[in-house]
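Going by the numbering used here, the residue at position 416 of the sequence shown is 416; the numbering climbs one at a time, nothing skipped.
Worth flagging that the hints you see were computed from the coordinates, not collected in a lab.
Honestly, I wouldn't trust all of these hints.
[Unchecked claim] With beta-carbon atoms standing in for the labels, derived distance ranges: (1) 316 with 141: 27 to 35 angstroms; (2) 293 with 208: 17 to 25 angstroms; (3) 416 with 320: 25 to 33 angstroms; (4) 349 with 436: 37 to 45 angstroms; (5) 248 with 287: 46 to 54 angstroms; (6) 329 with 56: 23 to 31 angstroms; (7) 127 with 203: 51 to 59 angstroms; (8) 56 with 123: 13 to 21 angstroms; (9) 436 with 312: 20 to 28 angstroms; (10) 320 with 354: 45 to 53 angstroms; (11) 228 with 346: 48 to 56 angstroms; (12) 88 with 203: 29 to 37 angstroms; (13) 123 with 50: 20 to 28 angstroms; (14) 286 with 203: 18 to 26 angstroms.
We put the beta carbon where it would ideally sit given N, CA and C, even for glycine.
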Amino acid sequence: MPEQPARPTPHAQDTANAQDTANAQDTAVPAPRGPAGRPGPAPAPAATRRAGLLLVLLLGGLTATPPLAMDMYLPSLPEVTRSLGAPAATVQLTLTACLAGMALGQLVVGPMSDRWGRRRPLLAGLAVYVVATVLCAVAPDVGTLIAFRLAQGLAGAAGIVIARAVVRDLYDGVAMARFFSTLMLVSGVAPVVAPLIGGQILRVTDWRGVFVVLTVVGTLLAVLVWVRLPETLPPADRHAGGAATAVRAMRSLLADLPFTGYMLAGGFAFAALFAYISASPYVIQEIYGASPQTFSLLFGLNSVGLVIAGQVNGKVLVGRVSLDKVLGAGLAVTVLAATALLLMSTGALGPVGLGPVATALFVLMSAMGFTLPNAQSLALLRTRQAAGSASALLGTSSFLVGAVASPLVGVAGERTAVPMAIVQLAGALVALACFVGMCRPWAARGNTRARAEGAGS
Numbered sequence: 001m002p003e004q005p006a007r008p009t010p011h012a013q014d015t016a017n018a019q020d021t022a023n024a025q026d027t028a029v030p031a032p033r034g035p036a037g038r039p040g041p042a043p044a045p046a047a048t049r050r051a052g053l054l055l056v057l058l059l060g061g062l063t064a065t066p067p068l069a070m071d072m073y074l075p076s077l078p079e080v081t082r083s084l085g086a087p088a089a090t091v092q093l094t095l096t097a098c099l100a101g102m103a104l105g106q107l108v109v110g111p112m113s114d115r116w117g118r119r120r121p122l123l124a125g126l127a128v129y130v131v132a133t134v135l136c137a138v139a140p141d142v143g144t145l146i147a148f149r150l151a152q153g154l155a156g157a158a159g160i161v162i163a164r165a166v167v168r169d170l171y172d173g174v175a176m177a178r179f180f181s182t183l184m185l186v187s188g189v190a191p192v193v194a195p196l197i198g199g200q201i202l203r204v205t206d207w208r209g210v211f212v213v214l215t216v217v218g219t220l221l222a223v224l225v226w227v228r229l230p231e232t233l234p235p236a237d238r239h240a241g242g243a244a245t246a247v248r249a250m251r252s253l254l255a256d257l258p259f260t261g262y263m264l265a266g267g268f269a270f271a272a273l274f275a276y277i278s279a280s281p282y283v284i285q286e287i288y289g290a291s292p293q294t295f296s297l298l299f300g301l302n303s304v305g306l307v308i309a310g311q312v313n314g315k316v317l318v319g320r321v322s323l324d325k326v327l328g329a330g331l332a333v334t335v336l337a338a339t340a341l342l343l344m345s346t347g348a349l350g351p352v353g354l355g356p357v358a359t360a361l362f363v364l365m366s367a368m369g370f371t372l373p374n375a376q377s378l379a380l381l382r383t384r385q386a387a388g389s390a391s392a393l394l395g396t397s398s399f400l401v402g403a404v405a406s407p408l409v410g411v412a413g414e415r416t417a418v419p420m421a422i423v424q425l426a427g428a429l430v431a432l433a434c435f436v437g438m439c440r441p442w443a444a445r446g447n448t449r450a451r452a453e454g455a456g457s
């Protein structure tokens, strides 16, 4: 194999070219790159379509790990509260622990995948995820359940972070943004299906049955990855260093102000999303009196909105409208929807029923389809190197902010939606401020190259 050149982080000229490509009006989708970042031989069109579909399904399954672990469990939160005799705020810590585990686990698994390749850390993480899920099913009290949920999140982080790294290994520019939007179609099915399954499971068994189903799903996913997912990071492109090298790579990424801005914009947008995930079972079922099945249907409808928005983003907007403009519009809509929810929750608009609240939640969730894939794409376009470390920083920021936001929505008990609305609005405003202040989107197209070269000097 020809000797590969050294791969420093981040690459200023590559950064400028990549983001210029993303913001161009070019609608062509380049083929996936070869193992060393070069275009590979052109396969037959049918083989290309089959391979692309398989890749989308596998990576979609991996990125579906969080919604499966979180959303299938959501309808059972009130039952867990009664079954284990714990207050709602404590039971919500089972969500927080899983989120925190997924955040911290990515910081470990991401750099590991840059050093040892993508497959081995991924398979190890899936194996531990299955074991931790079994232990959740037999947890005798809420404290033990919280501990096992933490372990489940730590292991499940492998699927999230490595899926993003694989996309960065294979795609660039507009093609990467489109692939992330396509990935949202697959991974978005999980939030639609998971609460529906969770609600139906509660009709025939208790909340422990949810973890039994999650165990089966995790096992099947591990087998499919073992059999069908190839290695995308060849030995020549791996980093030989240990923890010190990983820390230097992350520090270099964080020193790039636009990367950090996109990372924080996506992370705080996730705060609005996870405030909804954590509080919606109580808001919809306890405050508005909906059944678990009605909650599941509404939750699924909101997820459909997110998926449709993601497809409009990937199929219609990407390549025609700059990613920065779409991201800014998505954040602005999130702010408006969260403001409406706060006004309705405080009674400023008078008595309102479930319909207006559900509509505002639908708009907020749909806006995520324009916000999240573009924030990830714009951040990953800032570097061609250390994709695992970059993916880890993106995921960790999102899940840490989500883990902090999750318990805050329950501080006032189960009878008011005001904390949820406040957290959503605060997250959306901070996300918008980070995007405007650190990414300077109004200057992105004209000054991208100059800023990148300045950062690299």
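Now the hints, each set against the structure:
{"no.": "1", "hint": "316 with 141: 27 to 35 angstroms", "verdict": "violated (50 angstroms)"}
{"no.": "2", "hint": "293 with 208: 17 to 25 angstroms", "verdict": "holds (19 angstroms)"}
{"no.": "3", "hint": "416 with 320: 25 to 33 angstroms", "verdict": "violated (43 angstroms)"}
{"no.": "4", "hint": "349 with 436: 37 to 45 angstroms", "verdict": "violated (28 angstroms)"}
{"no.": "5", "hint": "248 with 287: 46 to 54 angstroms", "verdict": "holds (49 angstroms)"}
{"no.": "6", "hint": "329 with 56: 23 to 31 angstroms", "verdict": "holds (26 angstroms)"}
{"no.": "7", "hint": "127 with 203: 51 to 59 angstroms", "verdict": "violated (31 angstroms)"}
{"no.": "8", "hint": "56 with 123: 13 to 21 angstroms", "verdict": "holds (20 angstroms)"}
{"no.": "9", "hint": "436 with 312: 20 to 28 angstroms", "verdict": "holds (23 angstroms)"}
{"no.": "10", "hint": "320 with 354: 45 to 53 angstroms", "verdict": "violated (37 angstroms)"}
{"no.": "11", "hint": "228 with 346: 48 to 56 angstroms", "verdict": "holds (51 angstroms)"}
{"no.": "12", "hint": "88 with 203: 29 to 37 angstroms", "verdict": "violated (22 angstroms)"}
{"no.": "13", "hint": "123 with 50: 20 to 28 angstroms", "verdict": "holds (23 angstroms)"}
{"no.": "14", "hint": "286 with 203: 18 to 26 angstroms", "verdict": "holds (19 angstroms)"}
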